[in-house]
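*Asks:* Once you've looked at the hints, dock chain B against the given chain A.
If you read the protein sequences in the order shown, they are chains A and B. Mapping of the first sequence onto the working numbering: residues 43 to 451, in sequence order. Mapping of the second sequence onto the working numbering: residues 2 to 249, in sequence order.
Hint data in this document are derived by calculation from the structure and do not stem from the laboratory. Just so it is clear, the structure is predicted and the values come from calculations on it, not from any experiment. Treat the hints loosely; a few may be bogus.
[To be verified] Heads up, simulated BS3-like pairs for lysine-lysine below, C-alpha to C-alpha not over 30 Å straight-line:
1. B:K81 / A:K269
2. A:K55 / B:K143
3. A:K55 / B:K81
4. B:K137 / B:K115
5. A:K55 / B:K115
6. A:K269 / B:K112
Chain by chain, the residues:
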Amino acid sequence: MSAIRVIVWKEIKDMLRDVRTLAAIALLPLFMLPLMSVTSLYAQGLQPGVVAIINYDSSTGFVWGVNITSADFIRGMREELERNGFSVVHNITHYVDAMVIVREGFACNVSSFTERSFLEVIKSLGSSKADAAENIIVNYVNKYNHMLATLKVLELGSAAGVNVSVDSVLNPVKTRVSVVGAGGAPVSYEEALRVYIARFLSFSLIFVTTPSTAYITDSVIGEKERKTLEALLSTPIPRHALIVGKVVSTSLIGLLTGFTNALGLLLFAYIPSLFYGINLFHLIPASVMTAHFMAIYLSVLSSLALVTPVVIRSGSYRAAQAFSMVIISIASIVFFISLYVDIEQLSDVYKATLYVLPYTHASLFIKYTALNMPQNALLHLAILILVISSLVYLSIRLFSEERIIYGRT
Amino acid sequence: MAIEKSAVTLRNVVKNFGRVRALNGVSLEIERGIIFGLIGPNGAGKTTLLRILATLLKQDDGLVEVLGFRLPQDKYHVRKHVSYLPEDAGLYSRLTGWENLLYFAMLYYDKGSKALEVAELGAKISNLSERDLSRKTSEYSKGMSRRIAIARTLMIGSEVVILDEPTSGLDVFSAYSVRRILRDYVKNHAVTVIMSSHNMIEVEEICDEVALINRGLIIAQGAPRDLISTYGGRNLEDVFISLAGEVE
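Bound-form chain A, shown alone:
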């Protein structure tokens, strides 16, 4: 144990003194990710979208006692667009993100019981605001359609002498959605949202694997490159102490960088959520947050445990880094999948493949904690710890002084 402490003492001292690298890896994401969020919101505010609405219509219509004019239709659309930060113009003298054309006969046709009107929306290629404008316009047109359909249903009902319920004509099928938990009991909207947040937290683990693999590569192969390795290996320090010491110390730094990365990502999502009036942190219970932090550390350890057996048998930095990149990519795939896919609902072949990877269990540990299923959560936690321990043991067994000094012999 004391031998491990000696290695950890030196490694931590060494890494903490590399302030620039530490700042770049650990602190930068903490500031950069929220800054990206703020600047993108600010930049969006700086770049108001412009929509041109061109009206060629001079017709009028009449439905159920209400005058229909394109001027009213356009006024409503204009208000909707302006409420969402768009500028609306009625002639094209400079760049516009989207253009809406109201053709002649619009009001007459929309009031008719036999005709339809077409509204033309033209978007500028490459405009980031055009899609947002399209959504607003389509939503507004849907509301306008519903209003017109309601008037027409009432008028037809009146003409036929039938007592009409507008909803039973326009929306005869109504959808009611509810979410139930594992036991079949309904859960609240907040509880359902927590599960989605847990998926997002699993996804955020994507950022924690990179720094730790870089550190372990430097910790082992760096010793070789800096010519300190041979002297170290000739000492009586037990090999298990050397490997465990290096894994533990790099995992602590990896943990720090993992925290700052994950925190930076949470802030990245949290800042815009405030604009929509949602307190994201309020929705994450302490148990899920704790599970998330445990998953960060265990994911860091998983990466180290996966990379170490190869690093200690790599002859060069490049070979070790290439393998580290493979591990990081695998981790990224698992965490990305966990954002969209229920791993446990996949076919047995896919499931078995994913179960081999420790990252899957980190993701499922967070998921089951969020679902308040402690037994399942603990099962995946135990598997995760078992896989990590086995891999570290494998590293100790594979350690060869000759291999690490000379590479492949």
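*Replies:* Frame of chain A; chain B shown alone:
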């Protein structure tokens, strides 16, 4: 452990790296308490031989014994009694000179007080000022770094000290300083030093016995003066050139 007269015994040691034969049946006996020099050109097998003695490489064939312990089987025992300075040994550049010494002391000694005592001895051996010892070694000159590396190897108090090219790449003053450290240490401690060098004059000056190695074979062994008188020439360099030339 039986008390062996020899510090190191090698019998027909062979080491290959792929198709390259680095050691081609080396046999050698090194007595305890002497400074033993291993001299030879680049690629002769000096570093390979020293790495085998330092437990970093395994021989493919032949017998290797250090202080009566057989290698590679007893490597954990050997590591407790042997300290090794590789060629161009680096230091941990973000640690201070003192921390470099303390780290190695802690790798050998569990007890903190003993490790401190050993590191203090290392500081004394290095002959660097307290101010220099508290500086990061990234700020050191090559000579200062080598003094710390030598001190780190000697302070442990190992029975066998292996030094691979301890003065290589140093200027005249730094090389002199390293030799002085080595001589002073050996004078006061019962230790066997095995060192390799390109510098035959240096070896002649400080070694009690030398072995000349070429193409993985020991071509001569003995006290420098004996070798000079046996093979003729003004110095070891002449001896080596005449013997290596015969081999060529």
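*Asks:* All the hints need checking, so say for each whether the structure fits it.
*Replies:* Structure-based check of all given hints:
no.: 1; hint: B:K81 / A:K269; in the structure: holds, 21 Å
no.: 2; hint: A:K55 / B:K143; in the structure: holds, 23 Å
no.: 3; hint: A:K55 / B:K81; in the structure: holds, 26 Å
no.: 4; hint: B:K137 / B:K115; in the structure: holds, 23 Å
no.: 5; hint: A:K55 / B:K115; in the structure: holds, 21 Å
no.: 6; hint: A:K269 / B:K112; in the structure: holds, 27 Å
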